Amino acid sequence: MNLIYEGLEKAINLIINIDPEILKISILSIKVSGISTLLAIIIGIPFGYFLSISNFPGKKLVISLINTGMSFPPVVIGLLVTITLWRSGPLGFLNLLYTPSAIIIAQTIIVFPIVAGLSTASFQQIDKNLILQILSLGASKIQLFWILIREIKLPIIATIIAGFGGAISEVGASMMVGGNILNYTRVLTTATLLETSKGNFEMAIALSIILLLLTFIINLILTLIQQKKI
Amino acid sequence: MTNLMELKNITLNLSKDFTLNIEKLNIIEGEILGLLGPNGSGKSTLIKIIGLLNKPDKGEIIFNGRKIFPPKKFSLKNIFFSNDIKNKQSIVTVFQEPFLLNTSVYNNIALGLKLRKINKKEIKKMVNHWLSILGIEYLASKHSKKISRGESQRVNLARAFIIKPKLILLDEPFSTLDTPTKNNLLYELKSIIKETKTTAVFVTHDKNEALSMVDRVAILINGKIQQIGNPTDVFLNPVNKEVAEFIGIENILPGVVTEIRDEISVVKVDKSIINVAFPLNIGDKVLVCISPENLTINLKKLSNSSALNQLSGKITTITPLMHFYSLTIDCGMKLKVYITSQSIKKLKLKVGSKIFVSFKSTAVHIIKQ
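Protein sequence lines correspond, in order, to chains A and B. Sequential numbering of the first sequence, starting at 223, is according to our numbering. Sequential numbering of the second sequence, starting at 2, is according to our numbering.
Just so you know, these hints were derived from the structure itself, not from any lab. Worth double-checking, as some hints may not be accurate.
What the hints assert, rightly or not - Derived EDC-like pairs: lysine to aspartate or glutamate, alpha-carbon spacing no greater than 20 Å straight-line: (1) Lys-115/B to Glu-373/A; (2) Lys-350/A to Glu-98/B; (3) Lys-143/B to Glu-228/A; (4) Lys-146/B to Glu-417/A; (5) Lys-146/B to Glu-373/A; (6) Lys-147/B to Glu-373/A; (7) Lys-350/A to Glu-173/B.
Since the model is a prediction, treat every value here as computed from it, not as a measurement.
Bound conformation, chain A alone (with noise of 0.2 Å):
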């Protein structure tokens, strides 16, 4: 109890004096996992659209591919995305192994399918007939994606809220293809892997709870987005 309870005092003393390590730390924590689910909504919800309005052959087999992918194992991505990047590896000239870009590549291809999934079934639980009718008013298919996504807004922030979570509580492959180097690409859940292996449980406990707070505040902006009347 002892340890849990100075581990706490210790925290709220690191964040209220705002330590500058754990500044940095957070800053690029919600940069990187910012960036990679941006990115994987700029891609992934037009993906979910137009799988979902259009037709054709081997459609399931790709929803299905793409609903695998949403719980696939960071692990698993985080040594894919290092053998790529690895210097002998097919992208090793492009030099991004353990740089912040990595990551963010890194949890773009974690989040991308968690987006696609998501937004392909809130598109497709649209009434078919509603999209017939917007589209028989003369919308273009591209004015008819905007058009459904005010539809659907709900489901679509509830989507990006899910994305940025598996972003920003990924650890296993941030580590593998960041390396967790400090001031460089040290985020919040490497750190805390890194204090916690140390034995470090205070800092430990206060980059928890800043990662914790950290989600919390950005999942209730972003609720309240959703639950905003027009």
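The hints should help you fit chain B onto chain A, whose structure is shown.
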């Protein structure tokens, strides 16, 4: 009379045993064309093809003098964007359910204009105009989910007419409304269509709705257009058994012509003989159609009557309907007859009563087979 749209040899396979097959259908500029048929006859599918929302397997569509289907060539643009958006933008469909967007009534009505990138000032003017035409100014700022069904359908109509379509397709627009609401809307709809000089296709399964609304009627049964023409003409002279059954002629009996006397043809139906005023040849196989309301029941054979047909028979069933009774009578063939409850009492009719059924030779409609 110019054709606004022509469909030629359109086929669309919908399931193993149902194919929509439209050999020819012209929509004349300025008319209200009724599309009438039982449930599952392919009406909604046909309306989606006319509305360019569903592609047929084969065939040709000419709109406004230009061939718009099949499209000229395959291109990426056709897949990702609406192909030929301009044609699409001059045809609009009003569905059975209003399908309003999750926003205010105002925004719903403005939708089509926003899609056409009309400026805000003009949109405001047009929306207010259509709100007042349909008498729903008070709804403008309300949320679309907080208005009644009748009001929703008015919003739906305003949303469609505001874009000044060349062709408006009405797919049973009021079938989910109660009768008074429906009748008011039908009346208003017809005057809006005529005032705006819009060409319209009006889908319904209700004969009376068709009679009051449309200039021409096309009867669609089993995916095929069976008959097309002036509604009173079609309802009085169905061309085949399917149409006759659909429009509610209950006595449709197969017979053979046995004799010709002056202008009267004698047809043998089952064990009875019927005289009909219809030019036929001996040996012709025909369907004899008699509406139940054209039959009269007497207790005795009439000596001086203009009705050429008087058959003796027996009442087999008596079924009460809303405003009258439906009797089935066995007089060598089975006939359905409608009479009032007054007549039943006056003639003391009951199951088993022996009676005479009489009808004029001109009350019989003949379908040649």
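Numbers of unmet hints, in rising order: When the structure is compared with the hints, numbers 3 and 4 turn out to be violated.
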